[in-house]
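Protein chains: 2
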Amino acid sequence: MEQIKRIQRTLKYKGAIVDVYSDTMQLPDGTTAEWDFVAHRKGAAAVVPVTSEGEILMVHQYRNALDRETIEIPAGARDSLTEDTKVCALRELEEETGYRAGKIEKLLSLKTTVAFCNEFIDVYLATELIPGKQNLDPEEFIDVHTYKLQELLDMIYAGTIQDSKTVAGVLAYYGKYGNRIEEKE
Amino acid sequence: MEQIKRIQRTLKYKGAIVDVYSDTMQLPDGTTAEWDFVAHRKGAAAVVPVTSEGEILMVHQYRNALDRETIEIPAGARDSLTEDTKVCALRELEEETGYRAGKIEKLLSLKTTVAFCNEFIDVYLATELIPGKQNLDPEEFIDVHTYKLQELLDMIYAGTIQDSKTVAGVLAYYGKYGNRIEEKE
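In the order they appear, the protein sequences are chains S and A. Following our numbering, the numbering of the first sequence begins with 12 at its first residue and continues without gaps. Following our numbering, the numbering of the second sequence begins with 12 at its first residue and continues without gaps.
Hints listed in this document are in silico derivations from the structure and should not be mistaken for laboratory results. On a predicted model such as this, the values are computed, not experimentally measured, just so you know. All the pointers check out, no bait thrown in.
Using 30 Å as the maximum straight-line C-alpha spacing, the simulated DSSO-like pairs for lysine-lysine come out as follows:
1. S:LYS97 x S:LYS25
2. A:LYS23 x S:LYS23
3. A:LYS159 x S:LYS117
4. A:LYS53 x A:LYS16
5. A:LYS117 x S:LYS117
6. S:LYS16 x A:LYS144
7. A:LYS187 x S:LYS187
8. A:LYS187 x S:LYS114
9. S:LYS16 x A:LYS53
10. S:LYS25 x A:LYS25
11. A:LYS144 x A:LYS53
12. A:LYS23 x S:LYS53
Just a sample of chain A residues kept apart from chain S, beta carbon distances all over 12 Å, derived:
13. THR62
14. ASP95
15. LEU101
16. GLU106
17. ARG111
18. LYS114
19. GLU162
Glycine included, every Cβ here is placed at the ideal spot set by N, Cα and C.
Could you build all of it, start to finish, from the sequences and the hints given here?
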């Protein structure tokens, strides 16, 4: 591949959770171009929480970027730049759903939108759920609902669920454990 | 769910492909908060292109937001706010890989990162591929490679492929047609 090189990065705006830059890129043909770079400050973790009945806990919440409610797997930003995403995933699961996980394993590492943003989300599978206490952040207003895996797959293929971490996380769980689940039913 | 309401939206920065706003939100407890909103101007389409041998065409390209090369399904922004994403998908497939598709069907509608951005990507499955002519945009420098589905699944679960549209698109293809593919092999 021919070499593309960043020759300058200029901060344009500091937001609440992202900083926005303009990158001056030197292209292989010798010309330069201005490309956007949206820096997500902390990275995030998300969880596919599966109950002992094989149902999946999902959160419904209002999203200002879409101006509507979404159905998502529980997720949240890291508390600090050094927080282990597994610790973050367990914390967000309990804060948003009130459940602790007896068992957790990594499913995926995602970059949400590589064309202009560095945000990453590590997605975990949480099982052996134990009831705890929901403890939302002051700016969080969330409802928790349970769904069967097949319901979520139908909603993904119908376009009712579109959030990329949720689509990728549920499909990754299905791809890895789907056959075993179907055998059980 | 309690009501969250946006009471103001202020433009903070106009970038090359995104505009950045600060949203003033009225929360159910009566307080206000400033939330980021990154508006992707055009939306995009992506394609999982499957050859008659069952292999998948992938593009390798440099991404400034990650400062490294990525492995992605072919994708690109719409030419205009009214372009049909299916038309966009067919165009981007041919521009980036040099192949036309005899058959195309919708796999997914994605919102890449709902916490702060409205970017959407419609993901299609393209089959019956016919060799055409690669025709990259002036700022595009892309290599095309083919992979077996199982190779891509391994790379996704190993974290080698992290791009969310690619992870979701490949897993959606596997979830919908995986059994049929395994029967053929």
